[in-house]
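Asks: Let the hints inform the model, and build the full structure from the sequences given.
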Amino acid sequence: MGLTAIREGVGTRLETISGLRVYDKISGTVAPPAAMVEPGDPVIDFDLAMQRGLDGYRLRVVLLISFKGDTQTTDALDGYLAQSGATSVKAAVEGDRTLGGAAADCRVVDATNYGEYTFGQQTYVGVTFNVEAWATGT
Amino acid sequence: MATYSVTGAKLYFGGHDLSGTASQLAAAISAEELEDTTFGDDGWRSRQAGLKQVQLSGSGFNESDGTGDPDDLFNDNLGTTAVVTVAEQTGADGESATSFQALPFSFAPEANIGQLWAYTVELNGKTAAAHGTILHDTTTARTATGTGTGRQLGSVGASEKLYAALHVIDASGTNPTLDVVVQSDDNSGFTSPTSRITFSQATDVDGQWATPVDGAISDDHFRVSYTIGGTSPSFKFIVVVAIGS
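Top to bottom, those sequences are chains H and X.
Taking the numbering used here as reference, the numbering of the first sequence is continuous, increasing by one, and the terminal residue is 178.
Taking the numbering used here as reference, the numbering of the second sequence is continuous, increasing by one, and the terminal residue is 246.
Do not take every clue at face value.
As the list claims (entries may be wrong) - Just the calculated beta-carbon pair ranges, DEER-fashion:
#1 X:Gln153 - H:Asp136: 50 to 56 Å
#2 X:Gly51 - H:Pro82: 31 to 37 Å
#3 X:Gly115 - H:Asp136: 14 to 20 Å
#4 X:Ile114 - H:Ala122: 44 to 50 Å
#5 H:Glu156 - X:Thr141: 54 to 60 Å
#6 X:Gly69 - H:Gln123: 32 to 38 Å
#7 X:Gly147 - H:Thr178: 23 to 29 Å
#8 X:Trp118 - H:Gly140: 33 to 39 Å
To be verified - Residues from chain X that keep clear of chain H, each with C-beta distances beyond 12 Å, as calculated:
#9 Phe108
#10 Gly115
#11 Asn125
#12 Gly155
#13 Ser156
#14 Asn176
#15 Val182
#16 Ser219
#17 Ser246
Calculated from the structure, these hints are not laboratory results.
For glycine and all other residues, C-beta sits at the position ideal for the given N, C-alpha and C.
Replies: Okay, structure coming up:
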């Protein structure tokens with residue numbers, strides 16, 4: 041268990057969204073629609089319970105899509121932001137709240153920073169999802 | 002011991018180790034305040050200590066995966082006597098710990114939207130609080146008969162008692178048996194040990210509070226002796242021994 045397993049677990053859950061390219065490690069380039077799984081801040085809260093019983097993790101899922109025109113861009117992002125549905129990030133990640141056994145539980149907490157993103161000298165439209173996960177420290 | 006950051010405290014309830022679920026533990030030992038102020042006290046209040054009590058307040062993250070988890074354990078044992086031990090440091094051999102027989106009088110699971118499922122529990126003592134020394138910890142599973150590390154705890158005065166608590170948190174094998182005895186001697190070599198407290202034989206996870214033994218005991222060295230039987234037996238257990246009034 042640990043950050044690696046949890047990050048990869050989130051990535052695996054995001055890969056259940058058809059057509060979404062998932063990057064669970066630092067990448068110099070991305071091909072949208074892309075979801076980059078990054079450590080949050082703070083990354084880890086150690087020692088939430090005694091005897092290394094529980095650690096808390098924070099990750100960010102930065103979702104980027106190409107700007108296609110107002111209607112298509114908005115519709116695409118609406119799908120990723122939906123509570124449920126084929127492209128819902130929340131539904132995909134929480135479809136297995138153990139993240140394949142890497143966590144005791146996880147939750148997509150919120151979606152923030154809706155708007156323009158610059159990555160690799162390219163401009164995209166996107167949104168950031170904040171994810172919390174908890175796992176034993178041993 | 003110098004001050005330290007608490008991350009490894011231990012909580013044992015009966016035959017279960019709940020440490021990994023606990024985030025806050027407070028064992029409060031108190032005596033009733035009895036006022037006996039008279040005109041002869043020169044304008045100052047005077048008090049004496051009355052009845053004493055111990056109460057453990059704890060909180061942490063709730064789980065319900067089996068009989069050894071907080072939600073199952075405390076719901077099933079509300080109002081039922083159990084032996085409790087709190088080790089404030091790491092629960093290692095030689096460290097201090099507080100043990101007593103307790104009645105869980107209050108258990109409150111807490112569900113707050115978006116937060117971890119939590120619990121608070123209050124365990125009220127029905128015996129003395131024995132603040133003593135861990136003479137055997139749960140680090141190593143024992144598979145054969147042996148003795149723990151002997152420690153010089155001091156003699157037991159005529160008005161004092163010898164206390165002991167046992168938690169067996171893991172037992173396996175075919176017909177496994179564990180017999181634990183607290184021994185004393187007047188030397189660190191235990192050349193002629195005397196059995197002071199004998200726990201009932203354990204064959205599974207268990208928690209036991211020994212009947213306190215009256216002083217005086219002039220021996221000042223104490224250790225645990227354990228006899229293990231069965232086929233491929235294995236036990237993890239902790240023993241706390243204390244001297245007090």
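Asks: Now, for every hint given, state plainly whether the structure supports it.
Replies: Taking the hints in turn, this is what the structure says about them:
1. X:Gln153 - H:Asp136: 50 to 56 Å: Distance hint for Gln153 of chain X, Asp136 of chain H holds at roughly 55 Å.
2. X:Gly51 - H:Pro82: 31 to 37 Å: 48 Å Cβ-Cβ, so the 31 to 37 Å window is violated.
3. X:Gly115 - H:Asp136: 14 to 20 Å: holds, 19 Å
4. X:Ile114 - H:Ala122: 44 to 50 Å: Violated, since Ile114 of chain X and Ala122 of chain H (Cβ atoms, about 20 Å apart) do not stay within the stated range.
5. H:Glu156 - X:Thr141: 54 to 60 Å: Check passed, 59 Å falls within 54 to 60 Å.
6. X:Gly69 - H:Gln123: 32 to 38 Å: holds, 36 Å
7. X:Gly147 - H:Thr178: 23 to 29 Å: holds, 27 Å
8. X:Trp118 - H:Gly140: 33 to 39 Å: violated, 21 Å
9. Phe108: holds, 17 Å
10. Gly115: The assertion about Gly115 of chain X is violated, with a minimum of 7 Å to chain H.
11. Asn125: Check passes; 22 Å lies beyond 12 Å.
12. Gly155: Fine: 29 Å to the nearest Cβ keeps Gly155 of chain X off the interface.
13. Ser156: holds, 34 Å
14. Asn176: Per Cβ check, Asn176 of chain X is outside 12 Å of chain H; nearest 31 Å; holds.
15. Val182: Answer for Val182 of chain X: holds, closest chain H Cβ roughly 28 Å.
16. Ser219: holds, 38 Å
17. Ser246: holds, 30 Å
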